[in-house]
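> If you want the building blocks of each chain, they are given just below.
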Amino acid sequence: MFRRFTVKAGALLFFAVCALAAENGGVAGFSGIWTGTMTDRNGDPQDLSFRFTQSGNVLKGKMYGDNESLAVTGVKVSGKELSFSVTTELNGQVTTFLYTGIISGNEMEVSRTRLDLKPPEPKQPDTKAGNSASKSNPPQTFRLKRLT
Amino acid sequence: MKIRHLLVSALLTSAPLSAYDAANARAFLAQHCESCHGAKIAYGSLNFNSLTPATLSTETERWTRISSRVRNSEMPPRTVPGPGVALSDRKAFLNWVDEGLHAEACAGGPVAGTSQIRRLNRDEYTATVRELLNIHLDVGHDLPADGAGGQGFDNAAEVLFLSPVLVEKYIDAAKESLEYAVKDSRARARIGIVEPGPGLLPAQAAHNILQGFLPRAFRRPVTEKETEPFMALFREAQKSHQTFDKSVVYMLRGVLLSPQFLFHAETPNPGTSPRLLDDYALASRLSYFLWGSMPDEMLFDLAEAGKLHEPEVLKEEVGLMLRSGKSMHFIESFVTQWLGTRELGRDFIPDPKIFPNYSADADLRGEIRFQPIVFFHSMVANNDPITDLVDSDWTILTRKLAGLYGIDRKNLRKDNQDQPHRVKLPPDSHRGGLLGMSAVLAVSSYPYRTSPVLRGKWVLDSILGTPPLPPPPNVPALEEHVGPAPKTMRERLAQHRKDPVCSSCHSSIDPIGFALENYDALGQWRNEDAGKPVDNSGELPDGTKFQGPEQLKAVLLQQKDLFVRNLTSRMLGYSLGRGLSPKDMCTVDSVIAQLRNNGYKSQVLIEAIVMSQPFQYQAGVPAGAPSSLSLKTKHTVTESR
Amino acid sequence: MNTSGFSRQPISRRTVLRGAGVTLALPWLEAMMPAATTNPAMPVRMAFLYMPNGVNTSAWAPQGVGRDFQLSPTLAPLAEFKDKIIVAQNLWNEASKDGDGHYVKEAAILTSTRISKTLGEDLNCHGVSMDQVAAQRAGDQTPLPSLELGISPEATGVDLAVGYTRVYGCHVAWSGPTTPLAREINPRSVYERLFRASGPQSSSAKQDTLLLDRVLGQARDLRAQVGTADRRRIDEYMSIVRGLEERTQRASSGRSTWKPKVPLNSAPTPPEEPKDYAEHVRLMLDMIALAFQSDTTRISTFMFGNAVSNVSFRWLDGVTAGHHDNSHHSNDPEKLKQYQLINKWYIAQYAYLLRKLQEAKEGEGSVLDNSAIIFASALSDGNSHNPHKLPVVVGGKAGGRIHSGQNLVFPEDTPLSNLWVSMLSAFGTPVERFADSTGPLPGILV
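Residue numbers (my numbering), protein chains in the order written: chain V, 2 to 149; chain F, 2 to 642; chain E, 5 to 450.
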């Protein structure tokens with residue numbers, strides 16, 4: 002039947018494309034829309050979704066929000082590893098999170114660290130800043146799944 | 002063509018149906034119809050003589066009409082002399098016709114169905130403008146409310162009609178919200194306003210805005226040509242020396258008044274066979290179903306990537322959408338219209354003299370209204386079975402609701418007890434499922450007293466989807482005495498059920514209401530009413546006996562199929578924004594099968610609907626089909642000069 | 005009125021609603037007056053007030069026939085207008101005699117047609133309501149062609165028990181077979197709308213005209229793309245936009261001599277949220293009075309409630325139940341008494357509107373003298389949903405075109421549409437036939 006065929010063909014194509022992309026790693030390998038669920042501090046599930054796009058040799062990204070998306074900054078790709086930061090502002094409180102991910106197939110193991118709690122100096126985040134996270138602020142880990 | 006309780010109308014009555022077959026149906030026609038619609042006399046040019054049961058497949062239209070007219074007691078007319086048709090006979094005949102039609106409709110499997118163009122309803126309009134401009138105003142507050150059609154929801158295309166006053170309000174709302182937005186930095190950012198300056202001519206700046214704004218407003222990619230009319234508006238404003246901001250407002254007012262913005266307009270399928278929706282149309286269907294608003298950035302990105310229709314992506318996205326706070330709009334809209342609790346606080350206000358606790362406490366009023374909504378949301382978020390709506394060992398409570406229900410506060414969570422939250426119910430709380438909720442028990446009562454008839458009718462209609470047959474036209478409606486009458490309501494109703502005309506329906510309606518008599522008209526528990534102990538026993542015509550809400554709910558769960566079919570039909574109708582036709586029953590069947598195989602999990606219901614043929618496909622135009630538009634209007638007015 | 009539990013910020017209301025006045029030149033209005041108008045300076049107004057659920061028939065009909073009659077207990081609040089009303093008895097709308105108890109009767113009261121039975125699909129009243137026949141012919145003489153008002157928002161859901169969408173129960177005005185007209189229920193919104201419509205047209209009106217013209221272009225584009233089945237909706241939209249465009253164009257062209265007969269700000273601004281049902285009703289009637297007095301429109305329909313309204317009347321002395329509840333009295337004397345008290349309260353509200361119009365002086369007489377204000381229900385006895393002997397009163401003299409001060413008893417089952425023929429004549433938009441009419445009612449027209 003027409004519909005069944007479409008569904009199956011779509012699924013096949015989906016896996017084929019994803020597998021290809023992931024094999025290669027690097028900037029191109031991370032390109033796509035990723036989503037996953039993290040357990041927040043209160044034990045409630047929180048969905049996180051990102052989009053990364055390849056622009057020349059550079060990876061750009063954004064994090065989807067309920068209302069508007071946030072810019073992803075300081076993207077670094079090294080083989081199967083990806084790191085980037087997202088800065089949020091809520092009621093004047095500026096918070097920066099550092100994300101590091103390792104790609105494996107169509108999934109990414111991600112760990113998130115809250116960088117500094119001191120408002121409001123905007124600080125250029127880099128990967129080393131991860132070390133400054135306080136002990137009471139352990140990294141949270143979750144898994145991102147590739148949608149496209 | 003209308004389907005109401007297809008297949009199921011007779012299940013709550015005692016009529017034995019199993020033996021009914023084509024011969025019985027033929028006999029029914031011969032006995033009750035052919036004296037007027039026969040070989041000798043054929044009123045309305047209808048001769049049923051040749052209408053054998055075998056014609057169910059060839060004369061579908063005709064059988065559907067017969068079914069509808071017999072169901073509505075329009076036929077046979079009461080004026081025909083003789084004993085008339087026994088209700089059990091009528092029901093058995095209807096059941097046979099409906100089953101036959103159903104089998105016929107399903108012969109080719111689920112079909113897409115036709116979706117009409119429909120305008121955004123008031124809530125959708127409000128949410129869409131809010132999202133589009135990133136302003137937090139109730140911009141649609143002055144728009145007239147929309148009526149309901151089809152499965153009972155105000156997003157049904159067929160009743161979303163247009164009025165001059167509505168269009169006037171669109172003009173005002175567009176102007177007011179845009180004038181507000183250009184003064185707000187967050188809104189300017191969302192709209193994409195960048196002031197012209199060195200290297201950026203005003204016309205270029207305006208064009209840049211349109212390139213970002215127009216696709217979001219029309220919820221699909223737009224062509225360069227489509228931006229032109231709006232650029233013309235901008236140029237017009239500039240020509241009359243308006244500021245840049247004012248010119249932008251003028252230009253965007255045009256966008257917000259375009260039918261491409263105001264209507265859900267999917268590119269029509271010109272072919273004759275069903276066609277998979279394009280991803281942008283699918284994104285819109287999804288977001289208006291699950292959020293009551295326009296697609297967000299991620300949906301647009303998925304559509305742009307051409308990936309949204311892929312089952313794995315779609316399933317993931319549905320999960321994300323349901324977990325998002327925005328799904329509350331969908332659940333509020335669906336639940337309050339399905340249960341009728343939307344009227345609470347509007348046309349239905351519990352009597353302040355009898356329920357001062359309700360009228361004096363705005364928090365309590367809100368918590369009562371929101372309990373079924375938050376319950377449904379929590380059920381979906383947890384993927385609990387939909388049968389929890391009939392009975393559950395948990396509910397949603399606040400400190401005040403617990404007080405209203407006489408539930409010890411120690412059952413609540415430790416902190417933040419004023420916020421609605423999920424609570425495991427103690428034994429004998431009588432508060433499991435919808436029937437334990439104040440909002441439901443109130444709207445199925447009079448504002449000042451309970452009515453077993455109204456409650457019974459509410460359960461048959463809202464829970465089981467088997468509304469009682471209407472009373473014959475112009476026959477007095479059910480009488481319930483109040484005031485100084487010597488007998489109790491139960492005695493009066495018992496007397497009333499002795500009348501065979503009334504009894505045929507009320508023997509199924511009243512007992513259900515009796516079982517809920519322990520709840521007063523605000524849903525508070527009572528063991529006595531007017532100084533007498535409450536009698537909460539009921540007996541259905543088939544002999545099923547029950548006492549009190551718990552046993553009633555157990556009986557209702559035995560009718561689980563009815564409830565599941567009802568909820569599925571309503572939600573499918575809501576998701577499609579149209580009434581269902583008999584052909585949609587196949588889709589309903591397939592969703593029900595998926596539910597049955599997956600423990601009736603609530604997310605399965607929504608996923609299965611999203612994955613269904615009518616949700617994902619557009620029907621084709623049947624070859625040679627006449628336009629459904631030709632208005633068959635009689636001219637009722639003759640003007641004189 | 006936001007009754008939702010979610011707190012929503014109200015939209016910032018514009019604060020510029022003051023000052024009326026600037027009049028525009030050139031007499032286009034006189035030229036367009038219908039030939040039948042005898043006194044062009046004093047236009048005739050027409051309103052229809054709909055009461056749901058019928059009446060206690062034992063207390064409705066006046067005693068005596070013709071000019072010599074005594075008001076019934078229910079009609080007693082009309083004592084001061086006895087010489088300015090017509091009670092019309094024995095009328096009915098045959099097309100709505102069966103189908104169901106309420107929806108077919110209410111939806112078709114001004115169309116005299118049999119509506120299609122439906123939960124929504126193929127919604128069709130198969131006619132145009134009497135008020136809209138008038139509005140379509142004479143509505144261009146005032147800033148608003150007509151004003152549709154109500155108290156309750158559109159009812160929720162569909163009535164599965166009888167098989168009708170409740171949309172039918174919420175509308176008496178139909179501009180076409182498939183287009184019931186939306187009603188306004190917020191008095192403040194009505195006030196602002198009247199104000200804007202009748203106020204001076206700034207240069208923005210010209211811009212609006214252009215804007216609407218572009219919108220029409222957009223609609224044409226979409227029309228070309230959609231299938232035939234969807235064209236009707238787009239056509240509806242286009243025709244409404246075109247109507248608004250014409251209206252704006254007329255107002256901004258400088259050719260209109262229309263000006264408000266009284267300044268709109270002579271009436272107090274109504275509150276956003278009326279405190280109760282009774283106040284809500286009064287405020288809406290005030291808006292009809294204001295619209296008529298200022299001549300912002302000459303045609304209005306108003307629904308005291310939707311069909312099957314069970315508004316509670318326990319605040320009314322002697323009443324312990326709701327309206328619909330009491331209408332199913334089953335001859336219980338107590339319920340009949342309460343039913344009658346509710347009917348009488350509605351008549352008192354009707355009298356309130358007549359009084360307001362009476363107090364509004366116009367020329368030698370009052371606005372009431374130049375109006376026909378109809379009060380009716382679509383049922384007589386609510387207990388049996390009786391479609392015979394409908395309760396109907398016409399108040400005002402329609403500019404001297406009708407013989408008021410009478411209790412007219414017509415032969416049983418005289419078509420209600422005959423009254424609509426008479427009313428359209430009195431209003432100055434005569435028709436030869438309306439639905440099942442057999443001619444104007446004798447004894448009404450001068």
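Don't read these hints as lab results, they were simulated from the structure.
We put the CB at the ideal spot given by N, CA and C, even for glycine.
Wrong hints could be hidden among the right ones.
To be verified - Within a straight-line C-alpha distance of at most 30 Å, the following computed DSSO-like cross-link-like pairs (lysine-lysine) qualify:
1. F:Lys316 <-> V:Lys61
2. V:Lys146 <-> F:Lys354
3. F:Lys226 <-> E:Lys210
4. F:Lys602 <-> V:Lys146
5. F:Lys533 <-> E:Lys279
6. F:Lys401 <-> E:Lys263
7. E:Lys210 <-> F:Lys176
8. F:Lys327 <-> V:Lys63
9. F:Lys41 <-> E:Lys210
10. F:Lys184 <-> V:Lys63
11. E:Lys101 <-> F:Lys240
12. E:Lys101 <-> F:Lys354
13. F:Lys247 <-> E:Lys279
14. F:Lys176 <-> E:Lys365
15. E:Lys348 <-> E:Lys101
16. F:Lys327 <-> V:Lys146
17. V:Lys81 <-> F:Lys327
18. F:Lys184 <-> E:Lys348
19. F:Lys226 <-> F:Lys425
20. F:Lys401 <-> F:Lys533
21. F:Lys354 <-> E:Lys265
22. V:Lys63 <-> F:Lys546
23. E:Lys210 <-> F:Lys499
24. V:Lys61 <-> F:Lys401
25. F:Lys499 <-> E:Lys341
26. E:Lys263 <-> E:Lys210
27. E:Lys348 <-> F:Lys354
As the list claims (entries may be wrong) - Now the in silico label distances, taken between C-beta atoms and shown as ranges:
28. V:Lys77 <-> F:Ala363: 51 to 57 Å
29. V:Lys77 <-> F:Asp562: 53 to 59 Å
30. E:Gln67 <-> F:Pro353: 36 to 42 Å
> Decide, hint by hint, whether the structure agrees.
Now the hints, each set against the structure:
1. For the suggested pair Lys316 (chain F) and Lys61 (chain V), the alpha carbons sit about 26 Å apart, so the restraint of at most 30 Å is met.
2. A C-alpha spacing of about 58 Å is found between Lys146 (chain V) and Lys354 (chain F), which places the hinted pair above 30 Å, so the restraint is violated.
3. Using a Cα cut-off of 30 Å, the hinted pair Lys226 (chain F) and Lys210 (chain E) holds, with the two alpha carbons roughly 25 Å apart.
4. Proximity of Lys602 (chain F) to Lys146 (chain V) is assessed by CA-CA distance (about 24 Å); at most 30 Å being required, the pair is judged to hold.
5. A distance of roughly 37 Å separates the Cα atoms of Lys533 (chain F) and Lys279 (chain E); the hinted pair therefore is violated under the 30 Å criterion.
6. Restraint check for Lys401 (chain F) and Lys263 (chain E): the C-alpha separation of about 56 Å exceeds 30 Å, so the hint is violated.
7. For the hint linking Lys210 (chain E) to Lys176 (chain F), the alpha-carbon distance of about 15 Å falls within 30 Å, and the restraint holds.
8. Straight-line distance between C-alpha atoms of Lys327 (chain F) and Lys63 (chain V) comes to about 20 Å, which keeps the hinted pair within the 30 Å bound.
9. Restraint check for Lys41 (chain F) and Lys210 (chain E): not satisfied, since their Cα atoms lie roughly 69 Å apart, outside the 30 Å limit.
10. With a C-alpha separation of about 27 Å, the suggested pairing of Lys184 (chain F) with Lys63 (chain V) holds against the 30 Å cut-off.
11. Between Lys101 (chain E) and Lys240 (chain F) the alpha-carbon distance is near 61 Å, which puts this suggested pair outside the 30 Å criterion.
12. At most 30 Å may separate the alpha-carbon atoms for a hinted pair to count; Lys101 (chain E) and Lys354 (chain F) exceed this at roughly 39 Å.
13. Between the alpha carbons of Lys247 (chain F) and Lys279 (chain E) the distance comes to roughly 39 Å, so the proposed pair goes past 30 Å and is violated.
14. Among the hinted pairs, Lys176 (chain F) with Lys365 (chain E) is inconsistent with the structure: their alpha-carbon atoms are about 38 Å apart, more than 30 Å.
15. Restraint check: the Cα-Cα separation between Lys348 (chain E) and Lys101 (chain E) comes to about 25 Å, which is no more than 30 Å; the hinted pair holds.
16. At roughly 22 Å between alpha-carbon atoms, Lys327 (chain F) and Lys146 (chain V) fall within 30 Å of each other, so this suggested pair holds.
17. At most 30 Å may separate the alpha-carbon atoms for a hinted pair to count; Lys81 (chain V) and Lys327 (chain F) exceed this at roughly 35 Å.
18. Taking the CA atoms of Lys184 (chain F) and Lys348 (chain E), the gap is near 53 Å; set against the 30 Å cutoff, the hint is violated.
19. At most 30 Å may separate the alpha-carbon atoms for a hinted pair to count; Lys226 (chain F) and Lys425 (chain F) exceed this at roughly 59 Å.
20. At most 30 Å may separate the alpha-carbon atoms for a hinted pair to count; Lys401 (chain F) and Lys533 (chain F) meet this at roughly 28 Å.
21. Our distance criterion of 30 Å between C-alpha atoms is broken by Lys354 (chain F) and Lys265 (chain E), whose separation comes to about 45 Å.
22. Of the supplied pair hints, the one linking Lys63 (chain V) and Lys546 (chain F) is violated, its CA atoms being roughly 61 Å apart against a limit of 30 Å.
23. A threshold of 30 Å between alpha carbons decides the hint, and for Lys210 (chain E) with Lys499 (chain F) the separation of about 71 Å lies outside it, so the pair is violated.
24. Distance check on the hinted pair: Lys61 (chain V) and Lys401 (chain F) sit about 50 Å apart at the alpha-carbon level, beyond 30 Å; violated.
25. Of the supplied pair hints, the one linking Lys499 (chain F) and Lys341 (chain E) holds, its CA atoms being roughly 28 Å apart against a limit of 30 Å.
26. Taken as a hint, the Lys263 (chain E) and Lys210 (chain E) pair is honoured in the structure, with Cα atoms around 19 Å apart against an allowance of 30 Å.
27. Annotation: proposed proximity of Lys348 (chain E) to Lys354 (chain F) holds, straight-line Cα distance about 23 Å (limit 30 Å).
28. Separation of Lys77 (chain V) from Ala363 (chain F) is about 53 Å and conforms to the stated range, judged on CB atoms against 51 to 57 Å.
29. Taking 53 to 59 Å as the suggested C-beta distance range, the pair Lys77 (chain V) and Asp562 (chain F) conforms, at roughly 57 Å.
30. Checked against the hint of 36 to 42 Å, the pair Gln67 (chain E) and Pro353 (chain F) passes, with Cβ atoms roughly 40 Å apart.
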